[in-house]
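With the hints as your guide, set chain P onto chain A.
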Amino acid sequence: MMSGKELVLAAIERRKVERIPWVPFCGVHAGKLIGKTATEFLKSPKCIVDGLSKAVEIYKPDGIPVAFDLQIEAETFGCELNWSDDNPPAVISHPLADGSIKLEDLQIPAMSDGRIPILLQATRKLRAKFPDIAIYGLVTGPFTLALHLLGTDIFMGMFDRPDYIHDVLNFCADVAVAMSKMYIDEGCDIIAAVDPMTSQIGPDQFEEFCSKPSIKLFDAIKARNAKGSFFVCGHAQNNIAVMCDCHCDNISVDENIPLDYVRDICTEKKVSFGGNMKLTTVILLGSPDDNKVNAFECMELGGYEGFILAPGCDLPFATPEENLMAVADVVHDEYQQQVAKELSMRSTEACELLDMSEYGQSDKVIIDVITLDSEACAPCQYMMEAVISVAPEFGDLIEWREHKIKNPESITMMSSLYVRNIPTICIDGQIKFVSRIPPREELVAAIQERIKEKFALRIKYHRGKIILLGKPEDEGYDELKQNVETAMKELGGGVDFVTISDEEEIHQYGVFKTPAIVTEKYTVKSTGKVVEKNIIKEWIKTLNE
Amino acid sequence: MSERIPIALIAGFLGAGKTTFLSHILSGGALNGKKCAVLVNEFGKLPIDGALLPKGDYFLSELNQGSIFCVCTKADLLKRLENIVADIAPDILLIEATGIAEPSDISAILATDALKHSYHPGAVVTMVDAVNFAKLAGALPALSAQVALADILLVNKTDLAPPETIEPLEQSLRAINPSVPIHRVVHAQYPFTFDMLANPKAHVEQYSSSTTNPALKNGPPEQMANCEIRATQPLDRKNFYDFLNSHRHHILRGKGIADFGSDKRFVEIVNGTVSSKPASAVGFHTDKGTALSLVLRDANPILFKRDFDNAMA
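Those protein sequences? They're chains A and P, same order as listed.
Residues in the first sequence are numbered from 1 upward in steps of one, following this note's numbering.
Residues in the second sequence are numbered from 1 upward in steps of one, following this note's numbering.
Here chain A stands alone, though its shape is the one from the complex (with noise of 0.2 Å):
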């Protein structure tokens, strides 16, 4: 079997694998696994070591970061950091744009320099610890780095001053390179560049800024044997095929990108892939079997060849600890797999049209409301309470549902029903209020109308039968037979009437003894078409009532 790390370094070399690895990027994350800050994690080599420790024995990974904290090479250039309980620090001052210090006069770091001998001295000690572990080294990416030095003016300096930022993006490509160096020399066995800032640029500034810099440090982890990986996050779709052509082996997105498109431009570009666990709404709001879904999800669109499953980025401080033990079920189990596969078949609803034809035509008038959520929304939250207050006045012959298209099958109805705008109130499948809240009067008006309406309908479409069961030859038949006649005549007709001789058809109507008088009641519900599944249910349903 082989180990996590010849996984990971399987899938990045997009060979077949017979699972798919599993890479938790766990940061300050960690430390909260062993009760401590970000702030007390980031400064200490043994924190690194004990939290990275406890995330490989609970979410059994096949590759971990050794700290993800963007702002290690900024912070030898002078930026100044704001420290956080709950988050990596973050950079306050940009000493290019504030004139404190000149590019010409900074140096690439030094092994000594900040806090890398932290973070050389953590790997190390991982290194020996977890040999079986691909163990990632974290760089910043030349263009997120840049904007450290330089802040916001880098987006109006590439308009206006393009050779200055070409040559501050240089630099930040040799620290980078230096970075990469010192990691892999500690044991690194791969590099992330990771550069989430270039979601902010187009495909064409990333060519023009962005690409030499970034071929330049991939090449330069390639000559020393490792694996170079490109990390990218938020809004950055346009940007893949770019960032496939920048001599990396790997790239890595978030959930902002569907999984599928980056497979297939990795896969003609020959590049490896991994994400795309969602990191907000899943991971560190969701539940386990959310994360089980998930998981199994990216998993099926990632598959077997150079795919890695991951979260989007850096895993929020507070990650609840089930959710990423249960992503680890998934990954190592297969009846897990399995489990996750159901619950997403179950999360979801098929979704053709209904074919709304034949609705309204049950007994009470049905008044459906579209909203976005009734709680979420001012109007929809009037135009339900609208129709919440007339409801009392119809009692039984009314029946009022909303739709909140934030549910997945509430969107299939206000497809179905051709509803256009949120709020929107219809009666018996006929759009009536479209995004106005109607006045009590007017909603009544209308309920009203509609009832009307069908009580006409009914008389149209429903026809009885009477029906003569027996022999001119049984006594009174005769007189029976006149009796109904002139009965239907007085009346002016609508029903027919049918007369029935033979004994075993008479008896099953449960007769035995004749003359007898059945009569039929029958409701044409629809002609000429075929009428959806779900419709004749409902017909049965107040047959049986």
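Just so you know, the hints here were simulated from the structure itself, not pulled from any lab data.
You can take every hint at face value.
Straight line, CA to CA, 20 Å or less: simulated EDC-like cross-link-like pairs of lysine to aspartate or glutamate:
| hint | chain 1 | residue 1 | chain 2 | residue 2 |
| --- | --- | --- | --- | --- |
| 1 | A | K129 | A | E186 |
| 2 | P | K288 | A | E532 |
| 3 | P | K264 | A | E300 |
| 4 | P | K135 | A | E207 |
| 5 | P | K238 | A | D245 |
| 6 | P | K305 | P | E268 |
| 7 | A | K525 | A | D428 |
| 8 | P | K264 | A | E342 |
| 9 | A | K404 | P | E228 |
| 10 | P | K79 | A | D86 |
| 11 | A | K341 | A | D290 |
| 12 | P | K238 | A | E268 |
| 13 | A | K341 | P | E268 |
| 14 | A | K341 | P | D263 |
| 15 | A | K270 | A | D219 |
| 16 | P | K135 | A | D163 |
| 17 | A | K465 | A | E520 |
| 18 | A | K269 | P | D236 |
| 19 | P | K135 | A | D160 |
| 20 | A | K404 | P | E268 |
| 21 | A | K432 | A | E449 |
| 22 | A | K269 | P | D242 |
| 23 | P | K135 | A | D204 |
| 24 | A | K471 | A | E503 |
| 25 | P | K116 | A | E402 |
Selected chain P positions facing chain A (in silico; Cβ < 8 Å):
| hint | residue |
| --- | --- |
| 26 | L14 |
| 27 | K238 |
| 28 | N245 |
Everything numeric in this text was worked out from a predicted model, so none of it was measured.
Even glycine gets a Cβ: it sits at the ideal position worked out from N, Cα and C.
For chain P alone, kept in the frame of chain A given last:
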């Protein structure tokens, strides 16, 4: 249900005038004695923005400590919003969004179970820098996102931009968001009222544009609309996802089947983020091709469908 707190989001790129605008709101009469909280979420230069705001009777909270990772995890924002409800309970919360944020990222947070009962979205006011927008917009995707999701656009610094450039600028803004009211302003001055910030949809008339916009003559702007997109031929996956990505600011929700030939997928879209699973795995077997139901925001479904057909052709 207790009263939910409206959130007005002030968006716009760096230097567009968000802080100046916020200063006017806080020092002028717009808030009319209402209890106000301010959340400043600017990238990389705090606490400068906080220091620029006028002193006054409001509660200031600074987010992210300037962290760039507002683009990834929203844990901080979530926690801060929960604290503001518990500790301050203001009548309105004004958020000065980081210049590189996409407003939809914040909307996604407001829709979470933890916050949806506490807040409701108020106005998205986007500041547009008349001098630099045209230059930056092509290169920086967040700018278009901020315009696409705005309830009102303030084209600021019109006194500094060459007069002949303003009209073309407004046309390019309309191309991104056809129905939004646009106002030309100087020094980020615009006479907002509390209600306009808290309930933008109810104040369409007050918002109505100072410049002519034929779209507005046909009544209030389309807010949300339903749209069916269909294709009988298998789709090219890259084209399909590129289309969704380029239109993501207009797609509030969506679901349906995307037919990529041998791979038919059940696709769901929530706040512009796409996820998918095999159609067969969810019990959906079809030979009818692609069919998706989308809920659009501020987009014309007919034009949207046409764009889709063109993109897939």
